[in-house]
Amino acid sequence: MFLDTHYVEREKQRALLRELLEKAGEGQGQVALLSGAVASGKSALLMHCADQALAEGALLLDTAGVQAERARPFGLLGRIFASAPLAPGGHAEVARLIDGVAGGESSVHDQMLAMPQLSAVLLDLAKDHLVVIAVDDVHDSDQASLRFLLYLTRRIRHVRMLVILTEPARLEAGKRGFHTELAHLPHCTLLRLKLLSPMGTVGLLSEHFTPSTAARLAPELHDITGGSPLLLRALVEDRLTATEAGDPYQPLVRGDNYAQAVIDCLHRCGPETLEIARGIAVLGAHTGPGLLSRLLGLHLRDAEQAVADLGQCGLLSEGRFRDEHAASLVRDAVPADRLSRLRTHAAELLHQDGSAAYDIAHHLVAARDTADLWAVPVLQEAADYALADGDMDFAHRCLALARNSSRDDRVRASLTVKLAGVVWRTDPAAVDIDASTLLLDAKAGRLSPGDLVVSLSYLAWSGQLHEAGEVLEALEGTEGWSGREERTALTAARRWLTVLSPSLDMEPGDEEPMRPGPADTLAGDAEIAHLHASSAVAAALSESRRADAVAEATRVLQRYRLDDGYVQPLALALWALVYAGRLDLAAPWCERLLNESAAHHARPWQALFTSVRAETALRQGDLPGARVHAEASLRQLGPRGWSLARAFPLATLIQAHTGMGQFDEAESLLGQTVPEVFLHTLPGLHYARARGRWNLAIGRYHAALGDFLACGEALEEWGIDAPELVPWRLDAAETWMALGHPEKARSLAEQQLLRSPDRARGTALRLVGATGEGRRGLQQLQEAVEILENGGDRLQLALCLGELGRLYRAMDDVNRARMLVRKAWQVAKSCGAAPLCRQLIPGGTDPEREAPRHEPVLPQDTAALTEAESRVAVLAAHGNTNREIAARLYVTVSTVEQHLTRIYRKLKVNRRRDLSTRLAGGGDAQFALNGRQTVADLVPMEVTCCGTGSPN
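The sequence shown begins at 0 in numbering that gives the first Met the number 0 and counts up by one.
Among the hints, a few may not be true.
Computed cross-link-like contacts, DSSO-like style, restricted to lysine-lysine with a CA-CA straight-line distance of at most 27 Å [stated by the list, open to error]:
(1) K174 with K193
(2) K126 with K22
(3) K193 with K22
(4) K11 with K22
(5) K193 with K11
FRET-style restraints, in silico, Cβ to Cβ [what the hints assert, rightly or not]:
(6) L149 with E10: 28 to 36 Å
(7) G99 with E55: 30 to 38 Å
(8) T891 with D663: 34 to 42 Å
(9) S196 with L149: 28 to 36 Å
(10) G389 with E484: 28 to 36 Å
(11) P87 with D109: 22 to 30 Å
(12) Q671 with T900: 52 to 60 Å
What the hints contain is simulated information worked out from the structure, not anything from laboratory work.
Note that the Cβ used here is the ideal one computed from N, Cα and C, for glycine as well.
Construct the complete structure from the given sequences, taking the supplied hints into account.
Next comes the structure, spelled out in structure tokens:
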């Protein structure tokens with residue numbers, strides 16, 4: 000496809016050439032010299048004029064300068080005569096004349112002697128025809144042909160001849176004389192072509208697109224091409240090709256035509272300019288004539304002129320490529336070894352000039368080769384900047400190159416840990432730390448205490464807990480790890496691993512931790528951070544040190560900045576607050592750290608804090624919030640592989656789905672294969688409890704009991720009895736209640752009550768009260784409600800209110816029972832606990848939303864029962880008395896009687912025993928109630944203490 004572009008903003012030049020052609024036809028010989036940047040349209044304008052001359056009967060002698068034939072005397076002239084219609088023997092005579100003076104021994108004087116005869120041949124042709132001699136790229140002609148053209152043009156002033164020549168905007172020094180002499184001829188006209196203006200670009204595009212599309216595309220295309228007709232034409236061709244392929248709305252396409260146009264443009268500029276373009280493409284934003292000349296070993300003036308030429312042809316703006324895609328095309332065309340050397344040399348020059356480490360590193364990384372030693376700290380600094388900007392890939396490449404380039408084993412070991420930290424920011428499951436290599440580095444003294452602890456924490460989170468423990472055991476007593484700092488690191492690592500997996504049964508160590516000085520308030524050694532965080536969790540899980548846990552966790556959160564070595568201690572400090580029951584402190588700290596981790600662009604960091612936020616919401620009874628946060632945490636961790644970080648939000652999400660009645664979703668999560676080693680860890684305990692809650696909710700009571708008792712056995716084996724970690728006694732008590740063993744349930748609940756701190760007594764009191772009777776049970780439930788209302792799990796509050804309502808109903812205090820159940824239903828609904836709502840009120844509707852006491856006026860043949868009437872009808876059909884129905888629905892006997900009166904009239908029955916037949920028979924068996932549910936949906940369920948679903 001060829002697109003005409005020479006008509007746009009070339010009207011004046013076309014008109015002038017037309018005028019010169021007419022004058023030449025009248026015997027007034029003319030010379031036209033077209034100049035302009037590469038690809039500005041000179042050749043297209045020359046061809047247009049030549050075609051016009053041919054159409055009018057002129058004799059056209061056209062050719063073009065060839066750079067490869069510059070050394071061949073009269074090479075251009077020979078091509079001019081080749082197309083001339085000479086008399087018989089004329090071509091042989093011309094050839095004889097040219098050959099006679101084209102040899103290497105002929106002088107300029109000899110060549111000049113042949114010119115009268117040669118020019119006479121062309122002048123004789125002009126006697127019978129208008130002769131048009133068109134030479135494109137005349138600057139690429141040999142010197143002898145240029146002298147002949149000067150000789151000829153001086154003699155055509157009164158001849159029917161037009162000579163049209165094209166040349167670039169900037170000429171080589173050796174060709175300027177030709178231009179100067181030619182321009183001084185009175186019958187020579189100079190025509191300078193510029194690139195298209197923005198309006199010219201719109202005009203060009205309008206020839207191929209609708210006006211609105213042209214106006215939309217023009218600004219972007221003009222910025223990319225600078226108005227170069229060659230580049231614009233290529234982009235238009237690519238656009239039209241894409242449109243033909245079925246993508247008419249694609250705004251911009253840079254396809255093969257554009258790529259070829261860029262390369263063609265550079266090659267037409269000449270080899271030196273092409274080399275300059277390569278240097279500019281390599282240097283990018285730091286391009287400057289000075290740096291460019293040093294990079295390529297060229298004279299400064301040559302670099303400046305080449306930059307100016309590239310700017311004139313539309314490729315550059317302010318010394319840089321207008322289009323990064325064009326720069327990429329230029330770099331891709333450079334041989335790989337040559338490009339690597341240019342990149343490395345560019346980095347060295349920028350380093351000498353004191354440029355930013357980030358800019359230097361881009362060249363070093365792109366060179367794809369090991370760097371000199373001076374580059375190692377530069378690459379490390381650049382990696383820090385990249386991490387701050389969220390460019391994990393570039394940070395990883397910088398650190399990997401620095402490690403491969405360093406000759407210092409300690410530096411290499413430290414960089415390996417940093418690389419693991421970068422990977423952990425994107426995918427914790429992909430962290431690849433080899434325990435044996437880690438041990439070798441530690442024994443050889445290549446690892447700092449902080450790097451050892453951080454490395455072991457990465458191993459632990461990836462599930463390699465035993466391997467991490469083996470590294471610690473191997474380092475005990477070694478000479479290089481007997482100093483105070485080293486012993487502190489070993490102690491920190493032991494406590495860290497023991498907290499994450501108490502089943503490791505490691506001695507926690509007796510080293511007194513080294514505490515940083517008072518001046519250092521925002522940072523500290525990583526091993527100290529891990530030590531303090533693990534101590535905070537250990538205190539939270541200890542009955543005698545829970546008060547210390549809050550102070551220790553708060554100190555960690557206030558002291559350490561969010562960074563690779565500190566993100567895990569900060570997350571563990573949050574869990575310490577959760578286990579200590581201080582959800583009021585954990586939630587705001589979560590929000591603060593989430594905001595900071597978002598600024599670091601580290602999704603797994605966000606996942607750690609979001610999982611704590613999910614657990615906080617779950618323990619506050621906010622099931623929808625827990626689900627949202629847990630799902631977000633799992634998304635942020637990504638789908639690949641397993642790590643301990645995944646077990647926390649997974650367990651929370653299972654419990655949230657279970658509590659909301661979404662049992663299928665919870666079952667699909669439980670279907671995921673969890674590595675066995677994870678089940679013997681702290682987050683594994685969360686998972687085991689979540690599985691038990693699901694089993695309990697769907698009626699698999701014995702499986703649930705097995706899960707809860709297994710949690711208790713694990714805690715006993717670990718020497719931990721912390722109700723805030725996993726309240727396994729309360730879970731087991733609920734299961735025994737569901738199995739019909741209230742005495743066993745009460746025993747477990749009372750045991751838990753003795754161990755629960757004041758703030759956690761509400762749930763235990765609920766279960767003790769639910770298994771009791773009379774005034775004693777009532778007092779215990781009232782105390783539980785008071786505790787839970789002052790802050791705690793709102794889902795437990797709903798359960799407690801429901802139990803309290805059940806007791807009042809048993810005591811025939813219907814009004815108070817109804818009020819408590821209504822409040823319980825409202826609290827459960829706010830928690831998103833759909834199963835509990837259905838247990839509290841069959842049909843799932845607020846008891847205040849009863850049918851109106853005044854009978855609505857409805858057609859008798861189409862009347863439908865209200866939801867309140869439907870509940871009464873179903874219970875009556877099942878044989879319940881009016882008093883039993885009132886007790887089940889928490890309404891008065893009088894209300895039941897009024898409902899039954901309306902039910903009989905609407906269903907056209909006269910007796911109570913006809914209700915079951917009327918509801919179950921014929922086409923009315925499943926009639927719609929208010930367009931939402933059926934009578935079968937309204938069979939009431941007894942309120943249970945577990946509040947998580949109905950038994951199978």
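Outcome of the hint check:
Of the supplied pair hints, the one linking K174 and K193 holds, its CA atoms being roughly 21 Å apart against a limit of 27 Å. Our distance criterion of 27 Å between C-alpha atoms is met by K126 and K22, whose separation comes to about 15 Å. About 26 Å separates the Cα atoms of K193 and K22, which keeps this hinted pair within 27 Å; it holds. Between K11 and K22 the CA atoms are separated by roughly 17 Å; this keeps the pair inside 27 Å, and the hint holds.
Between the alpha carbons of K193 and K11 the distance comes to roughly 12 Å, so the proposed pair stays at or under 27 Å and holds. A hinted range of 28 to 36 Å holds for the C-beta pair L149 and E10, which are about 31 Å apart. Between G99 and E55, the C-beta spacing of about 36 Å keeps the proposed range 30 to 38 Å intact. Distance hint for T891 and D663: a CB-CB separation of about 40 Å, consistent with the stated range 34 to 42 Å.
The hinted window of 28 to 36 Å between S196 and L149 holds, with their beta carbons roughly 35 Å apart. G389 and E484 have their C-beta atoms about 33 Å apart, which keeps the hinted 28 to 36 Å range intact. Between P87 and D109 the beta carbon distance is about 27 Å. The supplied range of 22 to 30 Å therefore holds. At roughly 55 Å, the beta-carbon separation of Q671 and T900 lies within the given 52 to 60 Å, and the hint holds.
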